[in-house]
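Chains as they are written, first to last, in UniProt numbering: chain Y, 1 to 481; chain F, 1 to 481.
No lab work stands behind these hints: they were computed from the structure. Because the structure is a prediction, the values reported are computed rather than measured. Possibly wrong hints are sitting among the right ones.
Identical copies carry no separate label here, and so any pair may be met within one copy or between two of them.
Each computed DSSO-like pair below joins lysine-lysine, with the alpha-carbon atoms no more than 30 Å apart [claimed, not checked]:
1) 319 x 39
2) 279 x 16
3) 410 x 54
4) 357 x 463
5) 437 x 17
6) 406 x 35
7) 279 x 462
8) 54 x 38
9) 90 x 343
10) 268 x 54
11) 114 x 463
12) 406 x 16
13) 406 x 463
14) 268 x 437
15) 343 x 406
16) 319 x 114
17) 268 x 90
18) 410 x 114
19) 16 x 207
20) 54 x 207
21) 90 x 38
22) 319 x 54
Protein chains: 2
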Amino acid sequence: MPPKGLDYESLNENVKKVQYAVRGELYLRASELQKEGKKIIFTNVGNPHALGQKPLSFPRQVVALCQAPFLLDDPNVGLIFPADAISRAKHYLSITTGGLGAYSDSRGIPGVRKEVAEFIERRDGYPSDPELIYLTDGASKGVMQILNTIIRGEGDGVLVPVPQYPLYSAAISLFGGSLVPYYLEETANWGLDLNNLRQSVAQARSKGITVRAMVIINPGNPTGQCLSEANLREILNFCFHEGLVLLGDEVYQQNIYQDERPFISARKVLMGMGLPISKEVQLVSFHTVSKGYWGECGQRGGYFEMTNIPPQTVDEIYKVASIALSPNVPAQIFMGLMVNPPKPGDISYEQFVRESKGILESLRRRARIMTDGFNNCRNIVCNFTEGAMYSFPQIRLPPRAIEAAKRAGKVADVFYCLKLLEATGISTVPGSGFGQKEGVFHLRTTILPAEEDMPAIMDSFKKFNDEFMEQYEDHRGYSRM
Amino acid sequence: MPPKGLDYESLNENVKKVQYAVRGELYLRASELQKEGKKIIFTNVGNPHALGQKPLSFPRQVVALCQAPFLLDDPNVGLIFPADAISRAKHYLSITTGGLGAYSDSRGIPGVRKEVAEFIERRDGYPSDPELIYLTDGASKGVMQILNTIIRGEGDGVLVPVPQYPLYSAAISLFGGSLVPYYLEETANWGLDLNNLRQSVAQARSKGITVRAMVIINPGNPTGQCLSEANLREILNFCFHEGLVLLGDEVYQQNIYQDERPFISARKVLMGMGLPISKEVQLVSFHTVSKGYWGECGQRGGYFEMTNIPPQTVDEIYKVASIALSPNVPAQIFMGLMVNPPKPGDISYEQFVRESKGILESLRRRARIMTDGFNNCRNIVCNFTEGAMYSFPQIRLPPRAIEAAKRAGKVADVFYCLKLLEATGISTVPGSGFGQKEGVFHLRTTILPAEEDMPAIMDSFKKFNDEFMEQYEDHRGYSRM
Numbered sequence: 001m002p003p004k005g006l007d008y009e010s011l012n013e014n015v016k017k018v019q020y021a022v023r024g025e026l027y028l029r030a031s032e033l034q035k036e037g038k039k040i041i042f043t044n045v046g047n048p049h050a051l052g053q054k055p056l057s058f059p060r061q062v063v064a065l066c067q068a069p070f071l072l073d074d075p076n077v078g079l080i081f082p083a084d085a086i087s088r089a090k091h092y093l094s095i096t097t098g099g100l101g102a103y104s105d106s107r108g109i110p111g112v113r114k115e116v117a118e119f120i121e122r123r124d125g126y127p128s129d130p131e132l133i134y135l136t137d138g139a140s141k142g143v144m145q146i147l148n149t150i151i152r153g154e155g156d157g158v159l160v161p162v163p164q165y166p167l168y169s170a171a172i173s174l175f176g177g178s179l180v181p182y183y184l185e186e187t188a189n190w191g192l193d194l195n196n197l198r199q200s201v202a203q204a205r206s207k208g209i210t211v212r213a214m215v216i217i218n219p220g221n222p223t224g225q226c227l228s229e230a231n232l233r234e235i236l237n238f239c240f241h242e243g244l245v246l247l248g249d250e251v252y253q254q255n256i257y258q259d260e261r262p263f264i265s266a267r268k269v270l271m272g273m274g275l276p277i278s279k280e281v282q283l284v285s286f287h288t289v290s291k292g293y294w295g296e297c298g299q300r301g302g303y304f305e306m307t308n309i310p311p312q313t314v315d316e317i318y319k320v321a322s323i324a325l326s327p328n329v330p331a332q333i334f335m336g337l338m339v340n341p342p343k344p345g346d347i348s349y350e351q352f353v354r355e356s357k358g359i360l361e362s363l364r365r366r367a368r369i370m371t372d373g374f375n376n377c378r379n380i381v382c383n384f385t386e387g388a389m390y391s392f393p394q395i396r397l398p399p400r401a402i403e404a405a406k407r408a409g410k411v412a413d414v415f416y417c418l419k420l421l422e423a424t425g426i427s428t429v430p431g432s433g434f435g436q437k438e439g440v441f442h443l444r445t446t447i448l449p450a451e452e453d454m455p456a457i458m459d460s461f462k463k464f465n466d467e468f469m470e471q472y473e474d475h476r477g478y479s480r481m
Numbered sequence: 001m002p003p004k005g006l007d008y009e010s011l012n013e014n015v016k017k018v019q020y021a022v023r024g025e026l027y028l029r030a031s032e033l034q035k036e037g038k039k040i041i042f043t044n045v046g047n048p049h050a051l052g053q054k055p056l057s058f059p060r061q062v063v064a065l066c067q068a069p070f071l072l073d074d075p076n077v078g079l080i081f082p083a084d085a086i087s088r089a090k091h092y093l094s095i096t097t098g099g100l101g102a103y104s105d106s107r108g109i110p111g112v113r114k115e116v117a118e119f120i121e122r123r124d125g126y127p128s129d130p131e132l133i134y135l136t137d138g139a140s141k142g143v144m145q146i147l148n149t150i151i152r153g154e155g156d157g158v159l160v161p162v163p164q165y166p167l168y169s170a171a172i173s174l175f176g177g178s179l180v181p182y183y184l185e186e187t188a189n190w191g192l193d194l195n196n197l198r199q200s201v202a203q204a205r206s207k208g209i210t211v212r213a214m215v216i217i218n219p220g221n222p223t224g225q226c227l228s229e230a231n232l233r234e235i236l237n238f239c240f241h242e243g244l245v246l247l248g249d250e251v252y253q254q255n256i257y258q259d260e261r262p263f264i265s266a267r268k269v270l271m272g273m274g275l276p277i278s279k280e281v282q283l284v285s286f287h288t289v290s291k292g293y294w295g296e297c298g299q300r301g302g303y304f305e306m307t308n309i310p311p312q313t314v315d316e317i318y319k320v321a322s323i324a325l326s327p328n329v330p331a332q333i334f335m336g337l338m339v340n341p342p343k344p345g346d347i348s349y350e351q352f353v354r355e356s357k358g359i360l361e362s363l364r365r366r367a368r369i370m371t372d373g374f375n376n377c378r379n380i381v382c383n384f385t386e387g388a389m390y391s392f393p394q395i396r397l398p399p400r401a402i403e404a405a406k407r408a409g410k411v412a413d414v415f416y417c418l419k420l421l422e423a424t425g426i427s428t429v430p431g432s433g434f435g436q437k438e439g440v441f442h443l444r445t446t447i448l449p450a451e452e453d454m455p456a457i458m459d460s461f462k463k464f465n466d467e468f469m470e471q472y473e474d475h476r477g478y479s480r481m
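Go ahead and model the full structure; you've got the sequences and the hints to work with.
Quick look at the structure:
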């Protein structure tokens with residue numbers, strides 16, 4: 001019998017090639033251990049509510065009312081919902097055509113796209129066009145759609161920072177393109193060096209690859225660095241001269257834990273560069289309700305904004321978005337609320353500010369606790385998490401640990417992370433899932449465990465690491481690489 | 001300058017090839033007219049809430065409470081929510097890890113997948129495995145994922161009924177495969193004739209295409225027919241002998257408007273066929289919260305169940321689902337509620353039954369009003385809508401209308417539907433968007449306008465059609481084709 005359509009050997013090869021470590025071997029093992037009753041600390045994915053972060057009250061009140069519009073006529077509704085949440089729910093229902101149960105336009109509700117455009121204009125100081133903003137089921141879906149639009153085959157390359165968030169490598173594999181890595185400089189706090197970039201492009205071209213787009217993740221995932229305005233200007237200049245589409249993954253723009261380099265959007269820098277660049281560089285920027293102090297991952301809400309994309313292409317993207325009819329409507333309302341939160345004077349304003357500041361300030365403290373904790377461990381060095389939600393320490397694995405891993409048939413950092421998981425219940429992602437330089441090893445953990453649990457987690461990590469190093473280190477001297 | 005990455009001429013050709021008429025030229029023109037202030041009746045897409053259908057109360061109460069879990073501690077909550085909705089919300093929150101704001105497992109919440117498996121077992125009388133049920137953002141996303149898994153290139157063919165729902169043609173184009181049409185017999189009430197099927201496969205093979213999968217839509221979209229058990233058995237037998245994966249689009253399983261052919265699932269028929277067939281045919285079945293008497297389109301909830309799919313393939317599908325992290329969580333709760341609605345004795349039971357019966361009975365009456373209305377029009381014949389949400393009348397266009405369309409640069413049924421839209425505000429989809437036999441023309445409309453508006457809509461349609469036929473008909477005699 002020949003293989004059937006869904007037999008493994010006859011599947012789409014691009015599907016088989018996909019790797020996605022954030023939910024890979026470590027996650028699967030952690031899930032097994034959890035089933036067996038072990039307490040697992042899931043720090044493999046930036047999922048704040050799963051680690052106890054409480055949702056912001058106001059947006060939840062508004063969306064709850066939109067889900068149950070019959071409550072708006074209930075004489076008792078004012079007893080459990082504040083008046084501004086009630087009027088906001090009425091506003092959102094009035095701009096849908098049939099409430100949360102009706103498909104919206106495939107690009108999203110026009111009124112919400114307008115709110116997003118106004119937010120971008122306030123943020124950047126340049127007008128934004130709602131017709132060029134498409135709402136999506138989370139930022140990942142938007143990234144996938146744009147990559148699918150660009151990639152024609154394996155001769156098409158996309159520049160991706162390494163270490164990178166594996167959404168990019170996975171999507172590029174799935175669509176049959178080629179990932180062109182450019183390395184971030186760990187010793188320069190994960191900075192982007194233009195020379196590396198030029199080298200990567202030259203190397204790809206020498207292999208016959210047409211480099212068509214470049215991804216930046218700002219603030220960085222997993223690396224946590226924030227790009228400076230000067231750096232963004234260099235990147236945009238580079239994209240201009242090389243004719244590259246720039247994909248700006250800016251989902252962590254609210255997550256900034258230092259004051260030297262506040263978030264600045266690629267679009268703002270581009271607009272400030274003047275003609276011809278400001279009208280030439282094709283830019284798609286992504287945002288989400290999943291990160292920031294919202295952390296509404298499970299709602300799956302996001303948007304992308306297109307700059308300098310020809311109208312005919314915008315139409316093609318609309319057409320393909322139409323196949324699955326519309327992004328989920330409740331998350332569109334969350335997006336509206338995120339870009340248009342309560343204002344000073346509103347009944348819910350103070351509570352909203354208290355809740356969001358509380359989350360953000362705690363994240364800033366946790367970023368510090370974690371970096372310091374890692375740097376306090378034997379054979380570990382870790383850059384400070386300037387932004388985003390991750391810590392990405394380098395683990396200097398002794399040669400005997402690397403050999404032991406090889407004997408076990410594991411990549412060395414997978415070996416380390418599995419041992420960490422078994423010993424402590426801490427579920428991380430090995431650096432090899434994000435890409436790293438040859439012979440250098442990392443792990444990624446989120447900074448999301450509850451602040452009060454942090455010291456115990458870092459102690460437990462240190463204890464494991466000490467024992468691990470004790471076991472594998474050559475006592476004639478520290479390993480160096 | 002060479003074209004840039006997102007210039008139209010350099011896009012992925014598969015993206016450009018996609019056609020999706022449900023939101024195509026007619027929809028775009030209708031949206032324009034609406035902006036200009038014209039009243040539009042959007043019957044282009046099965047979107048019940050957009051046409052005034054009220055959501056079922058109980059599921060909305062439960063999901064509203066899940067969105068606002070702090071209400072569960074509010075002493076006044078019992079004043080506006082029934083006790084069974086409160087306890088159901090607590091149940092769902094208890095099976096998430098962090099409520100609606102946390103990513104779930106990429107396959108969906110295990111507890112909801114268990115509820116789905118129990119529903120399938122009750123419905124079909126055969127056990128179902130939650131590990132083989134994946135929740136999705138609507139059924140369309142699931143269909144797209146499975147097609148992407150199967151299709152390796154243009155040499156891979158997928159059998160699709162014609163007329164078909166253009167999700168299938170669009171997705172097959174996007175993934176670079178080949179659509180292999182099999183024609184449904186309009187004169188046999190859109191029945192499926194095995195000889196047509198065999199012919200289609202033979203024809204495709206003669207062109208070098210490997211036919212790998214077959215799609216059935218039951219009840220049919222746009223054609224509304226319900227497949228009999230005998231017919232399903234023939235289809236499964238055919239798939240067995242030809243080694244085809246069967247994709248069973250069963251999203252309209254609750255929408256049945258006659259008693260002769262109740263819905264029967266492909267899986268139930270397969271399980272009843274015994275060995276070897278019951279263990280050999282690879283089947284993926286799709287369902288949704290968007291249709292039925294729920295009509296919760298905007299929530300984007302669905303599932304697919306895999307039967308006889310090898311574990312390694314199931315893992316690959318899991319891996320790819322992981323790239324976008326998880327389906328939206330609120331819609332997973334809707335799915336749980338749909339497969340596990342209030343039971344006799346529950347506080348909300350009577351209201352739930354009253355609401356759902358009201359919707360379903362009205363749809364049944366509307367299906368009848370519409371079919372009769374179309375059959376009462378000059379040069380129109382229309383099969384009864386046995387199930388689903390659509391009426392698909394054949395319009396016998398006079399040769400002079402076809403010539404006029406040609407002069408206007410339009411396909412003849414697009415020409416007719418545009419004139420209908422301009423004259424009456426009724427926004428339909430031309431039959432050419434679904435595929436039809438050469439020289440035969442149709443339109444698709446939903447049966448979803450409010451029952452009380454139906455007579456006026458059908459009158460307005462008849463008036464338009466009379467005038468159209470009057471204008472284009474050759475008065476020497478009726479056109480025949």
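Comparing the hints with the structure gives:
| no. | hint | verdict |
| --- | --- | --- |
| 1 | 319 x 39 | between (46 Å within a copy, 24 Å between copies) |
| 2 | 279 x 16 | between (39 Å within a copy, 25 Å between copies) |
| 3 | 410 x 54 | neither (38 Å within a copy, 56 Å between copies) |
| 4 | 357 x 463 | neither (33 Å within a copy, 63 Å between copies) |
| 5 | 437 x 17 | within (21 Å within a copy, 40 Å between copies) |
| 6 | 406 x 35 | within (28 Å within a copy, 65 Å between copies) |
| 7 | 279 x 462 | neither (52 Å within a copy, 51 Å between copies) |
| 8 | 54 x 38 | within (24 Å within a copy, 45 Å between copies) |
| 9 | 90 x 343 | within (17 Å within a copy, 32 Å between copies) |
| 10 | 268 x 54 | neither (32 Å within a copy, 44 Å between copies) |
| 11 | 114 x 463 | neither (52 Å within a copy, 39 Å between copies) |
| 12 | 406 x 16 | within (24 Å within a copy, 47 Å between copies) |
| 13 | 406 x 463 | within (24 Å within a copy, 79 Å between copies) |
| 14 | 268 x 437 | neither (32 Å within a copy, 53 Å between copies) |
| 15 | 343 x 406 | neither (57 Å within a copy, 57 Å between copies) |
| 16 | 319 x 114 | within (20 Å within a copy, 35 Å between copies) |
| 17 | 268 x 90 | neither (33 Å within a copy, 45 Å between copies) |
| 18 | 410 x 114 | neither (50 Å within a copy, 34 Å between copies) |
| 19 | 16 x 207 | both (24 Å within a copy, 27 Å between copies) |
| 20 | 54 x 207 | neither (50 Å within a copy, 59 Å between copies) |
| 21 | 90 x 38 | between (46 Å within a copy, 24 Å between copies) |
| 22 | 319 x 54 | between (37 Å within a copy, 29 Å between copies) |
The structure fails to meet hints 3, 4, 7, 10, 11, 14, 15, 17, 18, 20 from the earlier list, while all remaining hints are met.
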